[in-house]
Structure formats: structure tokens, C-alpha cells
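Q: Numbering-wise (the numbering used here), the sequence shown opens with residue 653 and increments by one.
Careful, some of the hints might be misleading.
Derived lysine-lysine pairs resembling DSS-like cross-links, with alpha carbons at most 25 Å apart [as the list claims (entries may be wrong)]:
| no. | residue 1 | residue 2 |
| --- | --- | --- |
| 1 | 712 | 745 |
| 2 | 749 | 712 |
| 3 | 740 | 662 |
| 4 | 712 | 692 |
| 5 | 736 | 749 |
| 6 | 692 | 749 |
| 7 | 662 | 749 |
Across the chosen pairs, the derived CB separations fall in these ranges [as the list claims (entries may be wrong)]:
| no. | residue 1 | residue 2 | range |
| --- | --- | --- | --- |
| 8 | 672 | 747 | 33 to 41 Å |
| 9 | 775 | 730 | 41 to 49 Å |
| 10 | 663 | 734 | 31 to 39 Å |
| 11 | 693 | 673 | 25 to 33 Å |
| 12 | 661 | 707 | 17 to 25 Å |
| 13 | 751 | 698 | 25 to 33 Å |
| 14 | 790 | 724 | 28 to 36 Å |
| 15 | 783 | 747 | 19 to 27 Å |
| 16 | 672 | 775 | 44 to 52 Å |
These are calculated hints, taken from the structure and not from any lab test.
Being a predicted model, the structure only gives us computed values, none of them experimental.
All C-beta atoms, glycine included, are put in the ideal place defined by N, C-alpha and C.
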Amino acid sequence: MGLINNATDKLSENLGYAETHNLRIGTMWSIINPPRSANKAHVHPGCLWSGVYYIQAPEKCGNIEFVEPRTVHLMNQAKYQPNKKRPKECWTKVRFKPVPGRMIIFPSWLYHSVDTNMTEESGEAANRIIISFNLNQVKAK
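Please model the entire structure based on the sequences and the hints provided.
A: Written as C-alpha cells, this is what we have:
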């Protein structure tokens with residue numbers, strides 16, 4: 653919990669949240685994704701922020717993908733020069749490779765999914781194991 657609380661305190665400070673309230677864990681759960689399993693796109697209603705902490709992440713166990721929720725802008729997209737990377741402000745999807753010990757905190761309204769675990773590991777070592785959590789502001793003590 654200390655790792656998460658330290659990160660959320662820093663997040664609150666960077667965003668200028670009221671000092672009368674702290675970001676704290678409202679719910680927390682673990683997920684074990686064996687080979688050939690995935691998580692469909694979803695959001696976490698009723699929370700400000702959500703997060704994932706990777707406990708175990710074998711190679712090819714499935715990236716997490718965040719998708720731009722404002723789909724109306726997709727009706728007319730700009731053309732970009734071939735072989736030139738788009739600026740971050742124009743990305744519609746962002747993907748992160750799971751790494752043991754990595755924590756990602758993101759807005760709860762942001763659609764996200766996890767690719768299929770296609771690892772070639774076997775047994776318990778093949779599982780992608782994460783701790784997920786939701787955060788809300790609570791009155792500081």
C-alpha cells in the first residue's frame with residue numbers, strides 16, 4: 653500500500669488537488685491471466701483514477717492498451733508523412749508492455765484492454781499476475 657500511496661500523493665500534488673483530501677484506494681483486486689486469456693475494453697465508473705501493478709509478466713503475456721475515448725475526432729483524420737512518428741497529442745492508442753514491478757495509474761474513464769496472453773512459458777510461470785486498484789479522494793485526517 654505504501655508504494656501506491658506514495659504515487660497517489662505525488663499525483664495529487666502535481667495536479668493541485670485540495671490538501672483537505674487525499675487520493676486513497678477504494679477497491680483492490682488481483683487478476684491472474686493464464687495463457688490465451690485477455691481483458692476486453694472497459695472503464696472503471698465511480699472512481700477518479702485506476703491503476704495496475706505487475707507482479708508477474710512473462711514475455712508475450714499481453715500489452716495493456718489505452719484508447720482515446722473521444723471517437724468523434726476520428727471522422728476526419730489528418731494525413732502524416734510516411735515514416736514520421738505522429739506527435740503524442742495525435743495518438744489515438746497507447747500501449748505499454750507489462751514489466752514486473754511497473755505500476756501504471758490512469759484516469760478511470762479511459763478505456764483500456766489487455767491483449768491475449770500468448771506466452772510460450774508453461775505452468776505457473778505462464779500467468780500474467782497483476783494487482784488492480786481504484787482511487788478516490790477521501791477527507792484528510
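Q: Decide, hint by hint, whether the structure agrees.
A: Results for each hint:
Taken as a hint, the residue 712 and residue 745 pair is honoured in the structure, with Cα atoms around 19 Å apart against an allowance of 25 Å. Proximity of residue 749 to residue 712 is assessed by CA-CA distance (about 9 Å); at most 25 Å being required, the pair is judged to hold. A C-alpha spacing of about 23 Å is found between residue 740 and residue 662, which places the hinted pair at or below 25 Å, so the restraint holds. The straight-line distance between the Cα atoms of residue 712 and residue 692 is roughly 17 Å, inside the 25 Å bound, and the hint therefore holds.
Note on residue 736 and residue 749: the hinted pairing holds, with a Cα-Cα distance of about 22 Å set against a maximum of 25 Å. With a C-alpha separation of about 17 Å, the suggested pair residue 692 and residue 749 falls inside the 25 Å cut-off, and the hint holds. For the suggested pair residue 662 and residue 749, the alpha carbons sit about 23 Å apart, so the restraint of at most 25 Å is met. Checked against the given bound of 33 to 41 Å, the beta carbons of residue 672 and residue 747, roughly 37 Å apart, stay inside it.
The hinted range of 41 to 49 Å is satisfied by residue 775 and residue 730, whose Cβ atoms lie roughly 48 Å apart. At roughly 38 Å, the beta carbons of residue 663 and residue 734 sit within the given window of 31 to 39 Å. At about 30 Å, the CB distance of residue 693 to residue 673 agrees with the hint of 25 to 33 Å. Here the CB-CB span from residue 661 to residue 707 is close to 22 Å, well matched to the stated 17 to 25 Å.
In this structure the supplied range 25 to 33 Å holds for residue 751 paired with residue 698, their Cβ-Cβ distance being about 29 Å. About 34 Å separates the C-beta atoms of residue 790 and residue 724, a value consistent with the hinted range of 28 to 36 Å. At about 20 Å, the beta-carbon gap between residue 783 and residue 747 stays in the expected band of 19 to 27 Å. Taken as a hint, the range 44 to 52 Å holds for the pair residue 672 and residue 775, whose Cβ atoms sit roughly 49 Å apart.
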